[in-house]
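Asker: One letter stands for each residue in the lines below.
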Amino acid sequence: MAEILQILFDTYFAFTVLYFVGVNLTYMVLLSLSYREIMLYIRRSHFASYRTVVQSEITPPVSVLAPAYNEEATIFESVRSLLKLAYGDYEVIVINDGSKDGTLQRMITEFNLKLSKRVYVESVRAQRVRGIYRSQNAAYANLVVVDKVNGGKADALNAGINAAQHDFVCCIDADSILEDDALQKVMKPFLEDDTVIASGGIVRIANGCEIVNGRVVKVGLSRKLLPLFQVVEYFRAFLSGRMGWQAANGLLIISGAFGMFRRQAVVEVGGYNHATVGEDMELVARMHRYFRERRRAYRIVFVPDPVCWTEAPESLRILSRQRNRWHRGLLDVILMHRVMLFNENYGVAGTAAMPYFLFVELLGPVFEFFGYISLIVLGIMGKVNTEMTILFFIVALFYGVMFSVGAVLLEEISFRRYPNPKHLALLLSMGVIENFGYRQLTMLWRMKAFYDYARGKKGWGAMQRTGFSKPAAG
Amino acid sequence: MSITFLIVLTLTAAATIFVVLASILLVLHKGTVGRRVRRISRLNDMYAASVTEFLAADLPEIPPGSPASRAFRAYDSLLLPLRTGFDAVPRRRREMHFQALTQVVLDFGKDLTGESVDRLVYLSYMFGIVDRLLRRLTHRRWWVRAEAAMDLGTVRARRAIAPLTAAVEDSHPDVRFQAIRALLTLVGVEALRTVFRVGRELTTWNMMELSVDVLHFREDAIPYLIEGLASTDKSIVLFCIEMLAEIGFVNAVDPLSQVALKYPNTSVRAKAIEALGRLGDSRAEGLLVKNLSNAIPQLRLSSLRALARIGTPSAVPALRQRLADGPLDEKIAAARALVRAGEEGLAVLQEFSSSSGLIGAAAGQAMEEAARE
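Chains as they are written, first to last, in the working numbering: chain A, 80 to 553; chain B, 3 to 375.
Treat the hints as calculated values from the structure; they're not laboratory data. Check before you lean on any hint, since a few could be wrong.
Taking CB as the label site, the calculated pair distances span [stated by the list, open to error]:
| id | chain 1 | residue 1 | chain 2 | residue 2 | range |
| --- | --- | --- | --- | --- | --- |
| 1 | A | P140 | B | V119 | 50 to 60 Å |
| 2 | A | E423 | B | V22 | 40 to 50 Å |
| 3 | A | M107 | B | V22 | 37 to 47 Å |
| 4 | B | Q101 | A | K193 | 38 to 48 Å |
| 5 | A | D180 | B | L330 | 51 to 61 Å |
| 6 | A | E423 | B | S284 | 37 to 47 Å |
Mimicking BS3-like on lysine-lysine, the simulated pairs with C-alpha atoms at most 25 Å apart in a straight line are [stated by the list, open to error]:
| id | chain 1 | residue 1 | chain 2 | residue 2 |
| --- | --- | --- | --- | --- |
| 7 | A | K193 | A | K163 |
| 8 | B | K264 | A | K501 |
| 9 | A | K297 | B | K112 |
| 10 | A | K303 | B | K292 |
For each residue, glycine too, the CB sits at the ideal point set by N, CA and C.
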C-alpha cells in the first residue's frame, strides 16, 4: 500500500513538474506577445488624433449601456459623468433592472424623465420592459432609461441592446468611471478594420485615487493590502494576459465593466446568456464559435489604453465572493463551449485559449491544492524528497514573482499611470509579497467555487461597494 | 545535497537576484527619467523664450519688391543670439538642446500664421532641423518615418514636398497617412489631386482625421473632391462623397447622382445616396424616391435616411409603403422622413400611430422626436 501511494505521488509530482513547465512557458509567450503588442499600440497612438473623433461628422454614434440595480445613492453622479464623455454622437441607456430602492425614482426626479414612445423590439431575450423614459431637459437629450423587471445583469444588458438604435453598443457597469476619451480609444479598432466585432478596454483599480464629480483627477494607490494585490493581478490579467491573447485573435474575454460591440454581431449570436454568472466571457466565446462556424472573418481586440476605473473589494469576504463568482462563471463557459476545446475549427481560441483557460485558470487551483495535500501526506509517510520539494517551491516562487513583476514592468514601460517612483516600488513589492499567502488564499476560494457549483449555486452574492464619488469643493 | 539541486538552486537564486536588481534599477530609472524630463522642460522654456524673441523682434525696413534673400539676411541677424548660445553648448549636451529646440519649433509651428511662419521655417532650415527630418523620412523603422512626415508638415518645409509625395506610397499605412496630412499643410488644397491619385486604403479613422483638414479648405476643395469620385480606390471615393456632403456644395448633386446610379459597389452607392440627402437639393428627389423600391435593402434605407433630410411631399406614398411593409430600420427611417414631408406626411403618421406593433411604434417615436425638436 505504501509503495502504491509512493508511485502515485511520484507520478503526480512528475505531472506537476511538467504542468509547471507548460504553464510558465505559456506565461512567457503571453508576456512576450503582450510586450510587442503594447509597444506597437503606443507607437501607433502617437499618430492618432483623438480630438478629431469628437469633431468629425463621420464618427459613428454609440449606445452606452449601463445596467443599474439598487444604486439610488450613486446613480445620479454616475449617469451625469457618463453624459459628459468626450465623444461625438452617443446615447446613454440606463437599464433599471427592477431595483428595490429608489433608483428609478431618483433618475426621474433628477433628470426630469417622462415616459417615451421609443421603439423597443426584443431582438434578444430579456425580461419584460415596464417603460422607457426620456428627459424633457435638452441637456439630457441623449439619456434613455429603460425600466424592466429584474432579471440580472445579462438580462439588463439584453434589454439595453434591444433599446439601442445605434450600430455600436458599449456595455459598462453603472458605478464604474470611464475616462473622458475612453469611448474614442475603444472605438478606434472598429474604425480601422471592418472585421472587428468586439473591443475591450482595461479596467483599473480606483481605490486610492482622488475622484471628484465622477472623474479620476489624481491616480493613487490604496493604503490597504487587498486592493494593492488586486492592482498587480489586474496588470497580469489585462496587460500581459489579454494583450497577449488578442495578438493571436484568441481573446476569450472582454470585461463586463467595459466592452464595445457591434450591435448586429451581438444580436446575431443571441445576446448575453442569462444562465451563467460569467456572461461577459460566455458572450465572447460564443462570438468566436459563431463566426468560426460560419467561416466569417472577424477580430476581437483588446485596447490597453481606454480606461474604466472600478472599485475593488477591500474586505476578504467580498473579494472571496467575487472570485468565487468569477470561477463559477469560468466553469460555466468551459462546459458550455467544450466543443471548442482542442478543435482546430475554432482557430487559436479553440486550440490554445480554451485549453489554457481550462488547464491553467480553471484547474490550476485544483492541481495546486492537491500538490499541497500530496506534500502533507508524503510528509506524514516520511517520504518527502526534501531537496526536490525545496527546489520546486523556490522555482515556483521565482516564476510567480517574475510574472507579477513582468506585468508591473509592462505598465511602467507603457502607460505609466502611477507617476511616483514610490508607487512603482510598492507595486513591485506587492508582486513579490502576493506569492506568500494571497495567491494561496485565492486558490482556496476558487476551490470552493467548484463545491458551490456542484451544489447548484448560481447567484452573484451581495457585492457591497462604498462608492468613491466626491463632489467638487465649494 | 545533489549537484542538480545546487545547480538549479544557484540558477534560480541568480535569476531572482537579477529580477530584484532589474526592479530596483527600474525604480531608480523612473527617478532619473523624472529628472531628465524636468531638465528638458527647463530647456524647452529657455528655447521657447528665445524663439519668441526671434519671432517678435522687429525686422529692419525692407523696401517692397526686394528679393526674399533680403528678408533672410534680416532673419539671420535676429537669429544670431540663439545661434551663438546654441554653438556654445558642450558637444555632449548638444543633442538634448537640439531636441528641445526641435520640440519648441514643432509646438510653435502648430499655431503660427503669416510672416512668423516664414521666420520659423528659416530657423528650422538654419539649425538643421529640416535636414534631420528629411533623413528620418527614409529610416527603416516605420514610426520614425511617420513622425518625420508629421513633423515636416508642422515645420512647413517646402523642400520636403517631393519626399513627402513619395512617402504617400510608403509600405506602412501610418507613414502614408502622415505624408498625406503633411502635404495638405505644405501644398494646400492642390495636394488633394496627388492624394486622390496615389492614395489608397483609407480607413474610417483616417477619413475622420483627414476630414478635419479638408474642411478647412471648404469650397476650394470641391473640384478636387469631384475629381476624386473617379478614383479606382473605394476608400477615396467614399471619402470624397463624405466631404462633398459635409461641405454642402449643391452643384455636387450631379456627380453624386452618377455615383449613386452607376458605381459598382453597393456601400459606395448607399453613401452617395445619403450624401444627396445631406445636400438637401430637390434635384435629387426623383432618384431618392425611385430608390425607395430598390431591391437592395441598403439602398432603400439610405434613400429613406436621405429623404428624412430633404422632406419631400411627393415621396409620401412611397414612404407610407415602406412604413407599412419594411423591416424595422426602414419603418423608423420612413417615419422620420414622413415627419419632414409636410402636412401629408404628418397625416400618415397620425393615421399609423394608433396601429399596433412596429408600425405604430415607429410612427409614435418619430412624432415624439419631432415634438421634442
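Asker: Evaluate each hint against the coordinates.
Answerer: Status of the hints after comparison with the structure:
no.	hint	result
1	A/P140 - B/V119: 50 to 60 Å	38 Å, violated
2	A/E423 - B/V22: 40 to 50 Å	42 Å, holds
3	A/M107 - B/V22: 37 to 47 Å	19 Å, violated
4	B/Q101 - A/K193: 38 to 48 Å	59 Å, violated
5	A/D180 - B/L330: 51 to 61 Å	34 Å, violated
6	A/E423 - B/S284: 37 to 47 Å	58 Å, violated
7	A/K193 - A/K163	21 Å, holds
8	B/K264 - A/K501	65 Å, violated
9	A/K297 - B/K112	29 Å, violated
10	A/K303 - B/K292	68 Å, violated
Of the numbered hints given earlier, the model fails hints 1, 3, 4, 5, 6, 8, 9 and 10; all others are met.
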